[in-house]
Each structure stands twice: as C-alpha cells, then as structure tokens.
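Visitor: As you go down the protein sequences, you meet chains A and B in turn. The letter at position 279 of the first sequence is residue 278 when you use numbering that gives the first Met the number 0, and the numbering goes up by one with no holes. The letter at position 108 of the second sequence is residue 107 when you use numbering that gives the first Met the number 0, and the numbering goes up by one with no holes.
These are computed hints drawn from the structure, not numbers from a lab. Just so we're clear, the structure is a prediction, and the values are computed from it rather than from any experiment. Heads up, the beta-carbon is just placed ideally off N, CA and C, and yes, glycines get one too. Hints may contain errors.
[What the hints assert, rightly or not] Selected chain A positions facing chain B (Cβ under 10 Å, derived; list incomplete): (1) 101; (2) 102; (3) 119; (4) 123; (5) 267; (6) 270; (7) 272; (8) 308; (9) 311; (10) 313; (11) 316; (12) 318; (13) 324; (14) 336; (15) 344; (16) 348.
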Amino acid sequence: MRWRPVLLTVGGGALYGICNHVLGAISLPGSAVITVRPQILFPQLVGLLGGPWAGLLAGGFGNLLGDILNGHGGTYWNWCIANGMLGGMTGWLRFRAGQTISTIAAFSRFFLALLGIHTIALLFACTTHFAIFSGTTLRETLLDWCLPAILSNVLLTFLLLPAVLLVLKYLQPTLEVGLGLLMLYVLVGCMVAAGVTGAAALTWTMGNASELRAVDAETLVRLRERVTLDLFRITGAAALLLVVVGFFASLRIAYAILTPIRSIMKAVDGLRRGEPWRRETLDPVASRQDELGTMARLLQDMGDQVRDRETELTRQLEVLRREADSKEVHRRVAEIAESDYFKSLQAQAAELRRKRHESR
Amino acid sequence: MRAIVSIHSYRGGTGKSNTVANVAALLAQRGRRVGVADTDIQSPGIHTIFGLRETDISRSLNDYLWGNCPVRDAAYDVTPAPCAAGGGKVFLLPASIRAGDIVRILQDGYDVSLLNTGFTELSAALSLDYLLIDTHPGLSEETLLSIAISDRLVVLLRPDEQDYQGTSVTLKVAERLAVPSLGLMVNKAPGTILNDKLRASLETNYGHPVWAMAPHSDALMLVGSARLFGLEAPNDPVTRAWQALADRLETP
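So here's chain B without its partners, still in its complex pose (with noise of 0.2 Å):
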C-alpha cells in the first residue's frame, strides 16, 4: 500500500468523480493496482464512467456499512482493457444506486468509523497499491473521515465557481488532520498565460500547491460520464493534467 488519497471538492459539479476515474485508470496504466471508493452516497456516480450498469451491481458499499457483507464482496474488477497489459488493475467499491437504499442511509445514518476498516481490509485483500476516494462535497462526518485517514488530499476547485472560501475552509480542517500531503488541483483552468497567474496566486494565498491544472474540454465534455477520456485521448490537455496528477501521487 503505497497511499489512500482522498479527492475533495467544496462543491458539487467539479469534475471531482471524472478526475478520480481517469486517474484511477492512468496508474493502472502505469501497472499500479488501484482501489476507487464512492463515497459520495447521497448522489453516486463514478460507476458508469467505467462502464458498470446498475444491474452489474449487486452488493455495494451500502450492504457493507449495514452489516449485509464483507467489504471485499461490493467491490468489482473493472480494469479497462488498455490497462490490464502492464499487470495493473482497477477495482471500484461502488455505493448503491437505488433509490431506497440511498434515502435509508440518509434517513438512518450508519457508523462512520466503518469507513475506516473497510478501507483497511478492502486494501489488504486487493493487494492495492492506491485506494482513491471520490468524496462527497461540503464536509460531512464521512468525508471529514476520508480526509483523516487519508495521505494525501487532491482538493479540486473551479475558478470561475468563486467558491475560495469553502476551499479554504476545506484545506484548514486537512491541516487540523494533519493529512501529510496537501495539494490542489483547478478544472476549468483559463489558459496558458493566466494558468501561471492562478497558480501563483492560488499558492501564495493557500500556502499548498497546485498539482496539477486541467482547461476546460469541449471533448471531455462530449464523452461527459460515459466513458474514460483520459485512456481515449491520451494527447488531449485535460488527459495531460491528469497525468500530471498521477505522477505527484507516484512521488513519495
């Protein structure tokens, strides 16, 4: 186990569940056994960007936080083809998708220390080299958790969402944690010139750095959830972002 690494966003809408798919899929590309935890399960989603219907799902992250299973039984192969050459392997721990399950787990709540031996034994029993966590946005008592037991946190932010303050508030809790390993990551980014003007700005008035900086992509935005852009337009800027994201993580 090399890192579980916690990918937050403030708000909703950010690209966050995009972000941790496709780099998910490009350490696997790179032979890296990678675990992909939803745990955003008010509203799940990063199942269809690889490809997993809600019929393929029959135990999910929801059975293992009520007791119904171990946590190793809702978690699914899904490595995409052009990873699995290099040994590398994507396993995704999905939440549930229906609708009853997710207004009881809203309803009732469930024990957020689960979260953490999950996490523990899901990457003892995969063997996995990283566990991602697509986190909810805000910060409730689960995603305040992921930050905790995380490494490192990616924080993902828009800069034409002028959400700073809830950004802010996000990287001074993490401290709070004590997360070893802080760093930024802007969607949407404006372009060559001014990219250096937000970095520069980004890290002087947050004091952690920006890891990686994706523009925004008409071609992304075709392909959407569907499908993972990263492994489909290798060349494509975003993709490059991305990777850019994956070798900060592959750095101790």
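In isolation and in its complexed conformation, chain A is listed as follows (with noise of 0.2 Å):
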C-alpha cells in the first residue's frame, strides 16, 4: 500500500503531461479562448485517490512535463503551481479506505468543495500571469480568460468525475445520490443544449444576416468571438448557478423523502428484532395521501398482524408449558404402557434393532 500514492503521483502526473501535449487545449469552435482539457481529471483523481501531496506533485510536475514537451520548459511556473494547488487541495477531499459517498449532503457538499477549489487555482494562475507577463487588463484576464477556464474546467469535471466515481465504487447509488447525479446531469445538460443552440443560432445569424453583409470578415470574426466567449460565460455561469441551487434543491426533496422511508425502516427493523409493537410511530407517515402513505398503513397492518400472532403464540405456549407434562398424559402414557403388547414389544424393541443392525 504504500507504493500506492507514488505510483498514482507518477502515473497520473505523466499522463497529465502527455495528454496536455497530445491533445493541448481544444477550442470550442468559433471560440480560440475558451477550451476544453478532459484531462484536467487526472490530477484531481491522483488527489482523491493518494491524497494532498499525490495531487500536489502530479498536477505540477505532470503540467511541467507538458510545457517541456511542449516547449516552453519552466517560463509558466505559476501555472504548474495552480495545477499542483488542483491537485493538492482535491487530496483533502480523498477518499480513505471503504470510504463512499452515500448521501446528498455528502455529494454536494463534494462537488461544491469542487468548486471553490477550481476557482482559487485558477484565480491564482491568472492574476500572477497578469503580474508576471501582463499583456492584458486585470478585468480582461479574469472576465475573458479566468472565468471560461473555471466555467470550462468545473463543468468537464461536474460531467465527468461522477461516471468515474461511480465505476470506481467511490460513489454509491442510493437514492438520494441518484437525485443528485439526475440533477446534475439535467441542469448541465439543459445548458449545454441551450449553449450549443445559442452557438448555432449565431452561426446561422452571421452567415445570413443582410445587415452584417458589409461588415468585413476581420470584424466579424472578432464578432463572432465576442458573442460565443458572452454565450459560454452566460450559459456556463447559469449552469453553474443552478447546480447549486439544485444541490439544495435536491437536499430538500431528499430528506422530504428520506425522513418517512428512514421511519418505515425503523419500525421494520423493531418488527425484526421483536421489539414491543409501537403502531403509533408510524401514524405521522401513514396520514400522508402519496404512496409512501400507503406502504405506512401496509406495515402497521403487518406489524398488527404479527403481534396478534406472538399474542396467540404466547397463550399457545402457555397451553404447552401446561400440557406437557400435566396429569393427564403421565394417565395416557401409563394406560399404554400397562397393555401386555406394549410390555412385549419394550422387552423386544431393543433385541428388533439389534438383530436388524448384526444383519447388515
């Protein structure tokens, strides 16, 4: 085990690297700013997986290892900082072991943490380049290129990381996970689909607009980049904004029906164990209309039904503990034993099974 975390720090970190050189930044199309890096996972699970300083060595020696391939050797070091910050703050969410995520409030409270730690590693990067090799306004740098990173890195990792939790067992499908998982997945994927409509709608604009005939196409395709770069902030923050207010959301309806599925669980398990039947710690769930209403009447009929039946086993039992061995059976097993055949065969019986067994 205690190969593990270097092993993920290499491993990950080099696969960082590679990846940040093979496939580099991929650009939305009609946009040369924001960009898409899928491998912005790897040092987040290297964190998760083998802790803070995993992470932290992975995500800047793996973003070091694609500048190098890349050619720009140790000029954006800072950036490697933010990466090993990614990293690094992602291990104080790891995962120990037989640890999972089981309840909403666990699975917001992760993703939220998410977030924050995106934001501060891509603040940092963007406000020391801007110290550090300047080129732009302060309000350029975070407006047009620190917030689509964060828009772009949060919401890859938002779609991404569940699948991989949920494959590696980190993630366990219980219902109120599953609520969380369908919101995310809803909320993101509306804005995705309202993003992409709004991209295409934009195409069609440009391509056919008679008013923009004369505009030429220097103009326009800085046009272009402006509105794409305000449609992927807008979408992206929205997206974002509705995540977290779904998490509350979703916390909501989970404990609206987490609280009476954990009661009907309660009482079934008393039931099991055979605890005094108390009906009346159902009657809040069972005077609800919907169906979890329903299986609450369900059970305290059950529950009626097995106390009826220990009550009638108990005086059963009585009768037993009564009858076993009362006056009466010693007169009837007396009666029988007194016949001359009985007499016969308890003289023979043991001879009958001996002679059978010498047969053999």
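Make the complex out of the two chains shown on their own, each in a separate frame, by following the hints.
Guide: Here it is as structure tokens:
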C-alpha cells in the first residue's frame, strides 16, 4: 500500500503531461479563448485517491512535463503551481479506505468544494500571470480568460467525475445520490444544449443576416468571438448557479422522501428484532396521502398481525407448558404402557433393533 | 442400512405424508436408496405424491400381511427423474387403497409383528440406506411397533393444532421404547422471530430437539399432494426445512 501514492503520482502526472502535449487545449468552435481540457481529471483523481501530496506533485510536475514537451520549459511556473494547488487541495477530499459518498449532503459538499478549489487555483494562475507577464488588463484577464477557464474545467469535472467515481465505487448509487446525479446531469445538460443552440443560431445569423454583408471578414471573426464568449459565460455561469441551487433543492427533496422512509425502515427493523410493537410511531407517515402513506399503513397492518400472532403464540406456549407434563399425559402414557402388547414390545424393541443392525 | 425412521404425528392432517415423500426424494437426490412404507393402512395416501395411480398398484402391503406375496413384490420403484442421475432410488411400499381391502384389514386385523419382518426383508432385498415409515396417526399397535423398531423418530406437530398432549404422550412412549434418536418437526411455524421462541419453548417442555421448522406455504397448498413440491421448488422455505430434516437424518 505504501507504493500506491507513488505509483498514482508518477502515473497520473505523466498521463496529465502527455495529454497536455498531445491533446493540448481543444478550442470550442468559433472561439479561440474557450478551451476544453478533459485531462484536468487526472490531477484531481490522483488527489482523491492518493491524498494532498500525491495530487500536488502530479498536478505540478504533470503540467511542467506538458510545458517542456510543448517547448515552453519552466517559463509558466505559476501554472505549474496552480495545477499543483488543484491536485493538492482536491487531496483534502481524498477517499479513505472503504469511504464512499452515499448521501445527497455529502454529494453536494463534495462538488461544491471542487467548484471552490477550481476557482481558487485558476484565480491564482490568472492573477500571477497578469502580474508577471501582463499583456492585457486585469479585467480582461479575469473575465475573458479566468472565468471561461473556470466554467470549462468545472463543468467538465462535474460531467465526467461522477461517472468515474461510480465505476470506482466511491459513489454509492443510493436514492439520494441518484437524485443528485439526475439533477446534475439534467441541469448541466440543459445549459449545454442552450449554449449549443445559441452557437448554432449565431452561426446561422452571421451567415445570412443582410445587415452584416457590408462588414469585413476580420471584424466578423472578432464579433463572432465576442458573442461566443458571452454566450459561453452566460450559459456556463447559469449552469453552475443552477447546479448549486439544484444541490439545495435535491437536499430538500431527498429529506422529504427519506425521512418517512427512514421511520418505516426503523419500524421494520424493530419488528424484525422483536421489539414491542408501537404502531403509533408510524402515524405521521401513515397520514400522508401518497405512496409512502400507503406503505406505512400496510406496515401498520402487518405489525398488528405479527403482534396478534405473537399474542396467540404466547397463549399456545402457555398451553404447551401446562400440558406437556400434565397428569393427563402421564395417565395416557401409563394406560398404553400397562398393556401386555406394549410390555412385550418394550422387551423386544432393543432386541429387534440389535438383530437388524447385526444382519447388515 | 443406515436407519429406519418413523415419521409420526399424533393428529392427522399435519402434512405428514408430504413430509415423508419429500424428505425421501431429497435423500434420493443425494444418491441414497430410500424405501417408503405407508403403514397408514386405514387412510393411505402417500402414493399420489409419487404419481402412482390406483391401477398401477397390483400388490400392496396388505397382500404381504395376508401372506399373498413376498414383501419385495409389493414395493414399487417410484424414483423421481431428477433423483436418478446420482444413483438415488425411491421405493414405495403402498397400503391398498381398495375400499374392500381397507374394510377387511380393519375388521380382521393382522399379525403386527409381520411388519417388522417385512421391513427387514425389504431393506435387505433393495439394499436400502433408509426406510421411512409413514405411520398412522394416534398410537395404535402398528404405530407402536413402527416406533419400537425405528432408529429414529420424527414427531410432527403444528403449533395451531393445540395438540400438545398427544405429542407429549408420543414422546414419552418412544422414550420408554428406547428409540435411540428422537426429534420434533414443526409444520406451519409462525415466522422468523416467533420461531425462535417456539423452538426454545418446545425443547424446554419436551426435552427433545426441534430438527426442522417449516412455515405455512401457499405454494405448497396449491401443489397439494399431487406432486413432489421439494423437487419443484428447491428454494421454498418449506423445502429448506425438509432439507434440514434430511441433513439431520444423514448425521449419525
């Protein structure tokens, strides 16, 4: 087990660096600024599986490896630190042996923490980049560069990481987690669809609008970049906002459903363990007009029946205790035992058995 | 020969014949050669579970008892298909179901000791591992004899029958006949936690172990005495109880 963090660090870091070189940053069509980097999962996974140090080293050196392969050397050391921060801080959320996410609260906390970590790491990278290499204004750096990068990385992480965690069994497919996943994918999916639709509409308008015929090609490209970026920022930010709101909404929904289910589970468990039956503990659930109410009422019936059977059995066992050794039993046994037939049988029984065993 | 086992219940209608037939089939499925003797001469019924029709039965236990034929000729190979593969066998020694035969044996009686000779001969002729005896309810002479010659006695009871006295009498009589191994089986057991309570109470009050507990089963009620439920529904709780009893019989 001691080699696991080392292997994770080296393997994850190398994969990250190589992907940075081979895939680079894939630009969204129509915008050079907005990039998609699925390899961003690697430093996070190393952190989650190997802890803060593993994440830190894999992120930092992975990025450095990519930069060296791309011919930048160590020029952008601040980005190495930012990537190390991403992996390292994600390491705080690391999964201990046997630890899983099984509740909506843990699920929400986990993904909100990831959102925070991405934001901090990229803010660090962009502000240091501005301070050291300058080039543009701080406002442009933050809005045109940092924000789209945060949106892109976080949304990719939100879409890809749950699937990976499910496969690795760190996400337990409970009802709650299922609700969280459904919410996450529906909301992010809707916003991605909105963004794609917007981009398609933009492409169509720019190709067909008569008002734009007089505009020269270079301006058109810049205009297109501008609108695409705005579209991405608006839909991306809306998606993140919706996801955050969605976490709280599903927290509410999960508790609304799970509280009655828990009290039903508790009642069933009590029945199973033979605790005294208290049907009134289910009254709050049983008074509901929905499926859970029906379930609670059925369970109350079942509990009543079990209690009745137990009462009946207790009565029966009292009869058993009274009759098993009663005078009447002794009288009947004596009556049989006194018969001549029984006496001769008694005398022969052992002999009959012995003979049969000998004749084997 | 491993053992002669009597399966008895003081009352009728406790599911005795079904228990005998299915335990026999389950033992045969484990490769055992099992004989089943129906000594419930007054109200025979176990043959239907093995799919033996009245017309199939030319000779019966009655013919042997009247000296009409050797006991081997009254036994039928009723091995169910699923049990044959492992070399298991089930032979049935049925009682006659002809009304005339039943009346005659009730009126004239028979030499009860012939039963013992017959069982010994049958076990030898068919090289049986087990002979299971489906006894007549109550404690008639032939039942007492069956108990007396048995190596094991299984007393069946149903907790809702309230016939705790009869069961107690049977057990005490068997103790006096020095049956080496005595145990109880509960049919229509009430359910998981209540079972533990019932088992503890039975064992304390009777001083004998409970070997198996079978719950009520609607599925078994539907099959009734027409087929071998234990082979059709291997995972039913009732079948599991029969398996537990078979396990117990297999333990020396």
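Visitor: None of the hints should be skipped; say for each whether it holds.
Guide: Hint by hint, here is what the structure shows:
At about 28 Å, the closest approach between the beta carbon of residue 101 (chain A) and any beta carbon in chain B exceeds 10 Å, and the interface hint on this residue is violated. With 10 Å as the threshold, the beta carbon of residue 102 (chain A) stays out of range of chain B, its nearest partner Cβ sitting at about 30 Å, so the hint is violated. The beta carbon of residue 119 (chain A) comes no nearer than 55 Å to any beta carbon in chain B, farther than 10 Å, and the hint placing it at the interface is violated. Nearest Cβ of chain B to the Cβ of residue 123 (chain A): about 60 Å, over the 10 Å cut. The hint is violated.
Restraint check, residue 267 (chain A) versus chain B: the minimum CB separation of about 12 Å is more than 10 Å; hint violated. Checking residue 270 (chain A) against chain B by beta carbon gives a least distance of about 8 Å; that is within 10 Å, so the hint holds. For residue 272 (chain A), the interface hint holds, since its Cβ comes within 10 Å of a Cβ in chain B; the closest pair sits about 7 Å apart. Nearest Cβ of chain B to the Cβ of residue 308 (chain A): about 5 Å, under the 10 Å cut. The hint holds.
Below 10 Å, beta-carbon pairs count as interface contacts, and residue 311 (chain A) has one with chain B at about 8 Å; its hint therefore holds. With a least beta-carbon distance of about 8 Å to chain B, the hint placing residue 313 (chain A) at the interface is held under the 10 Å criterion. Interface hint at residue 316 (chain A): satisfied, since its Cβ lies 5 Å from the closest Cβ of chain B, which is below the 10 Å cut-off. With 10 Å as the threshold, the beta carbon of residue 318 (chain A) comes within range of chain B, its nearest partner Cβ sitting at about 6 Å, so the hint holds.
Taking 10 Å as the C-beta cut-off, the interface hint given for residue 324 (chain A) holds, the closest approach to chain B being about 7 Å. Taken as an interface hint, residue 336 (chain A) checks out: its beta carbon lies about 6 Å from the nearest beta carbon of chain B, inside 10 Å. Because the beta carbon of residue 344 (chain A) sits about 5 Å from the nearest beta carbon in chain B, less than 10 Å, this interface hint is met. Hint on residue 348 (chain A) holds. Least Cβ distance to chain B is approximately 4 Å, under the 10 Å limit.
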